[in-house]
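Engineer: Quick note, the sequences are listed as chains A and B, same order.
For the working numbering, count along the first sequence from 1 and bump the result up by 157.
For the working numbering, count along the second sequence from 1 and bump the result up by 153.
The set of hints was computed from the structure by calculation and includes no laboratory data.
Take the hints with a grain of salt, since some may be wrong.
Calculated lysine to aspartate or glutamate pairs in the EDC-like style (CA-CA distance at most 16 angstroms, straight line) [what the hints assert, rightly or not]:
#1 K317/B x D249/A
#2 K317/B x E254/A
#3 K317/B x E253/A
#4 K290/A x E278/A
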Amino acid sequence: MNILEIHDVSAGYGEVQILWGTSIELRDGMLTSLVGSNGAGKTTTLRTIMGLIKPWQGKITFEGNDISHLPAHEKAERGLVLVPEGRQLFTDMTVEENLEMGASPQRARVNYAKNLERVYELFPRLKERRTQKAGTMSGGEQQMLAVARGIMAEPKVLMIDELSLGLAPVLVLGLFGTLRELKKLGITILLVEQNVQMALAVSDYGYVLAEGKVALEGSSRELMKNEDVRAAYLGL
Amino acid sequence: MDLLLASLVDGFLLGFIYGIAAMGLTLIWGVMNVINLSHGPIIALGMFTTYLLFMSLGIPPYIGVLLAAVIGLILGVIIYLIAVQRVIDAPHLSSLLATFAVNMIIIGIGTAIFTTSPRNVDFRLGALTLGSITLQYTRIIAALIAILVTGGLYYFLYRTRLGKYIRAVANNRSAAELVGIPSNRVVAISFGLGTMLAAIAGALIATFLPFTILAGGTYETKSFVISVLGGLGNPVGALIGGLILGLLEGIIPAFTQTTWVPVIEFVLFVIILLVRPNGLFGAKE
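Could you put together the complete structure from these sequences and hints?
Structural biologist: Written out as C-alpha cells, the structure reads:
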C-alpha cells in the first residue's frame, strides 16, 4: 500500500518553475531515497509535499486523502513530518522545549513521555543537554535534535532533507543507524541526501530526480548497479 | 531631598506600568516584526474603559482593569485579522501604514464620541506616609498589578503550551508550521496579547492620572523609547527599560522643568539607537 503519492506535481517559486510533473510513491513502512544533483528539485519536492509551497498543478494524497492544499501544520497533525534542510530549530528555546514543540500534534501529545524517553535513548547526548538552548549546540547535536524533534511528532511519514550535510563522518554513520531504528518502528521514511551511496545503502527504493522530474526509479539495489547512476552520482 | 525621593519612588512605580505597555509593543514585534502604531489609542481605550465603567456603572476601577484587558485582547485579534494579517509578510512600511490607519480610525471615533476634553476617574484611596514621603495608594496598587501582570505573562510564555507556541512562532515561524503549530492563529493571539497589555497599562494609568482620548500617544512613544532601550523583542528588557524611564521621569523634574522630560527621553532614544541599536539588554536578531 502507498501511504503517500505525488502525482504529476509542478511547483516553483514566483515565476521560476522547479518541478515539472514529478511523481513519487512511498510504500508503507519503507525507506525511500530521493537523490539527484543540486538544483534538481529535491528540497522543492519535500517543501511542496509538506505544503510550504503550494503545488501549481498535480495532486498529493496521504493515506488516500487529497492533501494537496492543506497548510503545513495540518499535514503535521495528520502525521506527515519534515525535518527541514538547515535544521530550522527553535534556537532560543531549550533542547527539551524543542522536543516538546515537536510533539504539537494531538496524537503525539498523548504519548509525549514515552516518545521523549525513546528519543533520549536514541540520542543520549540530547538528554545531557536538555536544558541548553538549541542554538548554542554544535552542528551535529543540532542535527540530532532536528531528527529527534521530527520523531516526537509521531510521524507516519518522516521526510528528512539532507541528513548528513556538514556533519563529521562518525556522526553521519550514527544518524544513518538511527534511520534503521526508525524503520523498525514502522515509520515510513523519505530521505533526501547528497551522499547517494549511503542513501541507497540504507534505503529500499530510490528515485533519481533530474531537472524537476523523476529520471529514474527502482529498488536501491538496482539503482546502485545502474551504469548512469554509478557514473553520475557514485563516481564509479 | 525628600521631594526628590518621593518623585523617584513615584517614577519607579509608574515605571512598572510603562514596562507592561512596552512589553505589549515588544511582544508584537518579537512575534511578527510589526510595529503596532495603534498601540497608543488602545492604551487610551483602556483608560476610557475604566473611566466609563466607573462613572456610569460605578464598577470599581480594578475590576474595570480586568474588563479593559478582555476588550484589549478581543480588539487586538480583530485588528490583526482585518488590518495586519494581509500585510504581515509585506515590507515594514505596509504594516506601519496599516496600524497607523487603525490608530487614526480609533482616535477619530474616540474624539467624535468623547471629545478631547480631559477626564479623570474620580476615585481616591488615600496615601501611605513613610517617614517624610507620601505615596498614593492608587499608584502602589497599580504598580503591584503591573508586577502581577508581568509575572503572569512570564508564567504564560514559559510554562503553558500556548505560551511556548508563541515563543516558537516568534523564534521561527516556518519551523512552527512544520511541527504542527497553527502559526496564523498563534500570531493573531499574540497581537491580541500585545494590545491587551496596552489596554491594561491604560486602565491602570487612568486610576491615578488625568487623560484624554489622545493621551495614548504619549505612552506609545514612551513604549518605543523603552522597547529600544530594552531591546525590541525582549520582554524583560521592556520591564527594565520601563523602570529606567520611570526613574528618569522622577529625577528630571527635580533639576529642570517637566517640559524637558520628553526632550531628554528622546535624546536618550537616539543615543541608544546610535550606540547600541540592539538595546541595552540585547534583542531578538
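Engineer: Would you pick out the hints that fail for this structure and give their numbers low to high?
Structural biologist: 4
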